[in-house]
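Peer 1: Chain residues, written in single-letter form:
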Amino acid sequence: MVKYYKKGDAAFLSHRETMRVLERALRRSGADLVFTSGFHPRVKMSFSPALPLGVAAEAEYLEAAVEGEPDLEEMIKRMNDALPEGMGVTSLQVMPGYMPKLSRWARYGLYRVEGGNGTLHLCMRLDGEGGGRLRDALQLLKERWGVEAEAVTRVGIYASRDEILEENPGKVYFYHAGKGELEEMEGSGAG
Amino acid sequence: MGDGVDPLNMFFKRDIGQVSKPGRYLGIEVNARRKPLSASGANCVLVYPDVYEIGMSHLGLAILYEEINDRQDSMADRAYLPWVDMQELMERKGIPLFGLESRVPLGLFDLVGITLQHELTYANVLRILSLAGIPLRSAERRDSDPLVVGGGPGAYNPEPVADFFDFLLLGEGEEVIHEILDAVREWKQAGKKDRGGFLRRCASIPGVYVPSLYRVHYRADGTVSGIEPLEGAPMPVRKRVVADLDQKVKPRRPPVPLVESVHDRCSLEIFRGCTRGCRFCQAGMVYRPVRERSEDLLHGWGRELVSATGCDELSLSSLSSADYTRIIPLAERLSRDLERKGVAVSLPSLRTDSFSVELASRVGRIRKTGLTLAPEVASPRLRAVINKELSDRDLLEAVGAAYREGWRKMKLYFMVGLPGEEEGDVEAICGLVRRIMREGDGGGPPRGLRLSVSVSTFVPKPHTPFQWARQISLPETARRHFILKEGLRIKGVTWKWHTREMSYLEGVLARGDRRLGPVVEAAAREGCLDNWSEFFSWDRWRRALERYGLDPAWYVERERGEEEIFPWEHLSAGVKRSFLWEEYLKALRGEPTPDCRYADCMDCGACDGKEIVNRLAGGGR
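Protein chains in written order, with the numbering used here: chain A, 1 to 191; chain B, 1 to 621.
Incorrect hints may have been included.
Straight line, CA to CA, 27 angstroms or less: simulated DSS-like cross-link-like pairs of lysine-lysine [to be verified]:
1) A/K171 with A/K142
2) B/K586 with B/K576
3) B/K341 with A/K77
4) B/K409 with B/K485
5) B/K491 with B/K411
6) B/K13 with A/K7
7) A/K7 with B/K93
8) A/K44 with A/K7
9) B/K248 with B/K35
10) B/K610 with B/K248
11) B/K576 with B/K491
12) B/K341 with A/K44
13) A/K101 with A/K142
14) B/K193 with B/K248
15) A/K142 with B/K13
16) B/K485 with B/K496
17) B/K35 with B/K193
18) B/K35 with B/K192
19) A/K77 with B/K35
20) B/K250 with B/K192
21) B/K93 with A/K142
22) B/K411 with B/K485
23) A/K77 with B/K250
24) A/K77 with A/K3
25) A/K7 with A/K171
26) B/K250 with B/K491
27) A/K101 with A/K7
28) B/K610 with A/K101
29) A/K3 with B/K341
30) B/K13 with A/K3
31) A/K7 with B/K491
32) B/K35 with B/K13
In case anyone wonders, no lab produced these hints; they're calculated from the structure. Fair warning: this is a prediction, and the values are worked out from it, not measured in the lab.
Work out the full structure: start from the sequences and follow the hints.
Peer 2: Set out below in C-alpha cells:
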C-alpha cells in the first residue's frame with residue numbers, strides 16, 4: 001500500500017491523470033509488479049476515492065499487487081523521482097493477504113476548509129448512500145455560515161468516525177448528504 | 001517555479017480550476033526540465049500550435065527541447081494553444097500566453113519556435129501570437145520582441161504565413177538549432193540592437209530562410225514572375241539533413257504528458273526518410289534520403305526510454321516501419337525484454353502486406369482491435385499513377401493474415417481526387433471493400449469482421465510530383481462521396497470522410513503564396529482551431545478570401561504548367577524540380593519508379609553522394 005500526497009498545482013490533476021502519473025511512477029519503482037492481461041497490460045492497482053479537481057490531499061492511498069519482497073526504501077526514492085512536483089510518496093507498506101482491502105475500509109474523508117475567517121474541519125462519507133458531494137457540502141457551508149472556502153485539503157481517509165476523533169482532536173462538522181445537513185460530530189472538539 | 005509573476009500566480013490559485021482539464025496548463029510533467037530563464041543565453045519557448053494533447057505527442061519538438069536544454073547556456077520551455085475556455089478566461093483576466101514551465105509570458109523569451117505541421121493550424125499560429133501579445137508581423141516587431149521562428153514540413157512552403165515569421169528553418173533542426181542559439185546569444189550579449197542586421201546574419205546560416213529578404217513579383221494573372229533575394233540572401237535556401245542519425249540520439253528523457261494525449265506512448269524513431277516514391281506523399285519526398293539507426297543502439301535506447309518515462313507502449317516509429325532492414329530482430333529483442341515489464345511494442349505505420357501484418361502480431365501481444373492499412377487507391381491504374389506497388393491480392397492476403405491472427409476490427413485508408421482519377425476508380429474502392437467482406441478469410445467471408453473505411457481528399461503538396469496537378473472541386477468531391485455512400489452500404493462496413501471544405505482550405509494554403517497573409521490574419525481574428533470540426537468554418541475563410549480579392553479555386557483547382565514559378569521556388573527540399581516533373585509525367589503515363597534502396601539511383605537530388613546517402617542498418621546500398 002502506497003500512501004501519497006498531492007498538493008499545490010498537482011491538486012489540479014484529475015483522478016484519471018493522478019492514476020496515470022502513479023502508475024508510471026510504479027512502473028519506474030523497480031518493484032516486480034503484477035499486470036493485467038491484454039495488449040495494454042495495466043498495473044493491478046486500486047485507489048482511494050476520487051478527489052474533486054483543485055482539492056489537495058495529505059494522505060491518499062493506492063494498492064498495487066507486487067511479487068517478491070520489494071526494497072521499500074528504494075521504491076519510495078524512485079517513485080518520488082518519477083512524480084510531478086507537488087506529489088510524493090510518504091510511506092510504503094507490504095500488506096499481508098488477510099488485511100482488508102482499501103475499498104473495504106475507505107469510508108470517511110476528512111477535509112480541512114480554509115477560508116478568509118479561519119479554518120474548519122469537515123467530514124463526510126466517501127462510499128455508498130451516505131456519500132455526498134464535497135461541492136454540495138461547501139455550498140452549504142457558504143449558505144449557512146458564510147464560509148468562503150479558499151483552500152480545501154483532504155487530510156485523510158478513515159474507516160470509522162472514532163478513528164477521526166482519535167487523530168484530530170479539533171471540532172469536526174459532519175456533512176449528512178441524505179439530509180443535506182451539517183452537524184457537529186459527536187465527541188469532536190473535546191480535546 | 002511560477003514565482004515573480006504575481007498575476008499568474010493568482011490566476012493559478014484562483015482561476016485555473018474553472019477550465020476544462022487544467023492539467024494541460026500546469027507544466028509540472030515528469031521530465032520537464034523547468035530551467036530558469038538565463039540573462040545571457042538564449043531563452044526559447046517551443047510551441048505546437050494546437051492543443052496540449054496533440055502537441056505533447058509531437059516528436060520533433062521533444063528532440064529540440066532536449067537539444068536546447070542540454071546546453072548549459074540555453075533553455076527551452078513549452079507552450080500549446082489553450083482550449084477555447086482557457087483562451088477566453090486568459091483574455092478576460094488579462095493573462096498573456098505563457099511558457100508552461102516557467103510561467104513567463106511568451107513575449108519575454110528571446111525565441112518563440114513554432115512548428116508548422118499542418119495547414120489547418122496556420123490560424124492557430126496567429127492566435128498564439130495574439131494571445132501572447134507579440135506583434136503579428138515580423139516587420140512590426142521591435143528589437144525587444146522575441147524572434148518568431150518556424151519549422152516543420154510547413155516550412156517548405158510557409159508563404160501564406162511568411163510575413164509572421166522572422167525566419168524559418170528548413171529540414172532537420174537538431175544541428176542548425178545550435179548555430180541559431182550561438183547567434184542569438186551573441187546578439188543578446190551585444191544588447192539586441194539592429195534586428196534587421198541580425199536577421200541578415202542568420203540568413204547566412206545554411207537552412208535558415210528569412211522571408212523579409214526575398215521579394216516576390218507577381219504577374220497580372222496572379223502567378224509568380226520572380227523571387228528576388230535581397231542583400232545577398234541565398235538562392236535557394238537548402239534544407240538541413242543529419243547525415244548519420246546514430247550521432248543524434250534524442251529524446252532520452254522526454255516530458256511525459258499529464259493529460260492523455262492522442263498518441264499516448266513513447267516513440268523510438270528507428271529511421272528517417274522513405275524512398276518508396278509514392279508520388280502524392282510530401283514526407284516521402286522531403287525527408288529523403290533513408291537513414292536507419294543501428295539495431296543495437298535502438299535496442300538500448302528503447303529500453304532507456306521505457307525506464308525514463310514509465311510508459312506502457314513503445315512505438316517503433318518512422319514513415320514505414322516494416323521497411324527497417326533489421327525490423328524483425330529489433331522488434332523481437334525489444335518485445336522480449338519489455339514484455340515482462342508490461343510494456344507493449346507497437347508499429348504505427350504498416351505497409352499493406354502480409355509481412356507487415358505477421359510482423360505486427362509477432363511483436364508483443366496481439367492487439368485485436370484497430371489494425372490500420374493504407375491501400376490509398378483501389379484500381380491498378382491509379383496504383384501505377386501514384387507509384388504504389390500493391391495488388392488486390394496483397395491487400396486480401398494482408399487482411400486474411402490479420403483476420404487469422406485475431407483482428408476483428410480493421411481500418412482502411414483511401415484517397416479520392418488523385419490526378420487522372422475517374423468515377424470508375426472510386427467505384428473500385430467499393431468493389432474492393434465488398435471483395436474483402438466476401439473473401440477476406442482465405443476465400444471465404446471473414447465472419448464478424450468490422451471494417452472501417454476512411455476516405456480523404458487528395459491535396460497536392462509542394463515539392464512532390466503532383467505539385468503541378470489540380471485538386472478536385474467541392475462538387476466533384478461531393479460526387480465521389482456520394483458514390484462511396486451508395487457503394488459502401490455493406491454489412492459490417494462503416495465509412496468516414498474528411499470534411500470537404502477542410503481539404504479545400506488545406507489545398508488553398510498548401511500551395512498558397514504571400515498574398516494569403518492578410519487572409520490568414522483576417523480568418524484568425526474570427527476564430528481558430530480549424531482542424532477541430534466544431535470550430536471549422538469555411539464561410540469565415542471564404543469571406544476573408546473575398547475581402548482580399550482572392551479566388552480559392554485559382555489556388556486549388558488550377559493545373560500548373562511546366563514553366564510555372566512556384567511561390568516556394570526559392571526553397572529547396574533536396575529533390576530536384578526536374579526529377580519531380582519527370583515523375584509527374586511518368587504518373588500520367590502510369591509508369592513505375594523503383595525504390596532506390598534496392599534499385600539504381602534515380603538521381604532525385606536528395607543525396608550528396610558522399611555523406612548524405614541512404615544508410616541501411618542491415619547493410620546493402
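Peer 1: Each of the hints needs a verdict: does it hold here or not?
Peer 2: Going through the hints against the structure:
Restraint check for A/K171 and A/K142: satisfied, since their Cα atoms lie roughly 18 angstroms apart, inside the 27 angstroms limit. For the hint linking B/K586 to B/K576, the alpha-carbon distance of about 15 angstroms falls within 27 angstroms, and the restraint holds. About 19 angstroms separates the Cα atoms of B/K341 and A/K77, which keeps this hinted pair within 27 angstroms; it holds. A threshold of 27 angstroms between alpha carbons decides the hint, and for B/K409 with B/K485 the separation of about 20 angstroms falls inside it, so the pair holds.
Restraint check for B/K491 and B/K411: the C-alpha separation of about 15 angstroms stays at or below 27 angstroms, so the hint holds. Annotation: proposed proximity of B/K13 to A/K7 holds, straight-line Cα distance about 12 angstroms (limit 27 angstroms). Of the pairs offered as hints, the one joining A/K7 and B/K93 holds, with about 24 angstroms between alpha carbons and a cut-off of 27 angstroms not exceeded. Restraint check for A/K44 and A/K7: the C-alpha separation of about 25 angstroms stays at or below 27 angstroms, so the hint holds.
For the suggested pair B/K248 and B/K35, the alpha carbons sit about 22 angstroms apart, so the restraint of at most 27 angstroms is met. Of the supplied pair hints, the one linking B/K610 and B/K248 holds, its CA atoms being roughly 19 angstroms apart against a limit of 27 angstroms. For the proposed pair B/K576 and B/K491, the alpha carbon gap of about 47 angstroms is over 27 angstroms, so the pair is violated. A hinted pair counts as satisfied when its Cα atoms are at most 27 angstroms apart, and B/K341 with A/K44 qualifies at roughly 13 angstroms.
With a CA separation close to 36 angstroms, the supplied pair A/K101 and A/K142 exceeds the 27 angstroms bound. A C-alpha spacing of about 34 angstroms is found between B/K193 and B/K248, which places the hinted pair above 27 angstroms, so the restraint is violated. Straight-line distance between C-alpha atoms of A/K142 and B/K13 comes to about 19 angstroms, which keeps the hinted pair within the 27 angstroms bound. Taking the CA atoms of B/K485 and B/K496, the gap is about 9 angstroms. The hint holds against a cut of 27 angstroms.
Distance restraint check for B/K35 and B/K193: the Cα-Cα separation of roughly 26 angstroms lies within the 27 angstroms cut-off, and the hinted pair is therefore satisfied. This hinted pair checks out: B/K35 and B/K192 have alpha carbons roughly 22 angstroms apart, not beyond 27 angstroms. Simply put, A/K77 and B/K35 have alpha-carbon atoms about 23 angstroms apart, close enough for the 27 angstroms limit, and the pair holds. Our distance criterion of 27 angstroms between C-alpha atoms is broken by B/K250 and B/K192, whose separation comes to about 31 angstroms.
Pair hint B/K93 plus A/K142 holds up; C-alpha atoms about 25 angstroms apart against a cutoff of 27 angstroms. For a cut-off of 27 angstroms, the pair hint linking B/K411 to B/K485 stands: about 17 angstroms separates their Cα positions. At roughly 26 angstroms between alpha-carbon atoms, A/K77 and B/K250 fall within 27 angstroms of each other, so this suggested pair holds. Taken as a hint, the A/K77 and A/K3 pair is honoured in the structure, with Cα atoms around 13 angstroms apart against an allowance of 27 angstroms.
Restraint check for A/K7 and A/K171: the C-alpha separation of about 24 angstroms stays at or below 27 angstroms, so the hint holds. Of the pairs offered as hints, the one joining B/K250 and B/K491 is violated, with about 46 angstroms between alpha carbons and a cut-off of 27 angstroms exceeded. Restraint check for A/K101 and A/K7: the C-alpha separation of about 25 angstroms stays at or below 27 angstroms, so the hint holds. Distance check on the hinted pair: B/K610 and A/K101 sit about 65 angstroms apart at the alpha-carbon level, beyond 27 angstroms; violated.
A C-alpha spacing of about 23 angstroms is found between A/K3 and B/K341, which places the hinted pair at or below 27 angstroms, so the restraint holds. For the hint pairing B/K13 with A/K3, the CA-to-CA distance comes to about 25 angstroms; that is within 27 angstroms, so the pair holds. A threshold of 27 angstroms between alpha carbons decides the hint, and for A/K7 with B/K491 the separation of about 52 angstroms lies outside it, so the pair is violated. This hinted pair checks out: B/K35 and B/K13 have alpha carbons roughly 22 angstroms apart, not beyond 27 angstroms.
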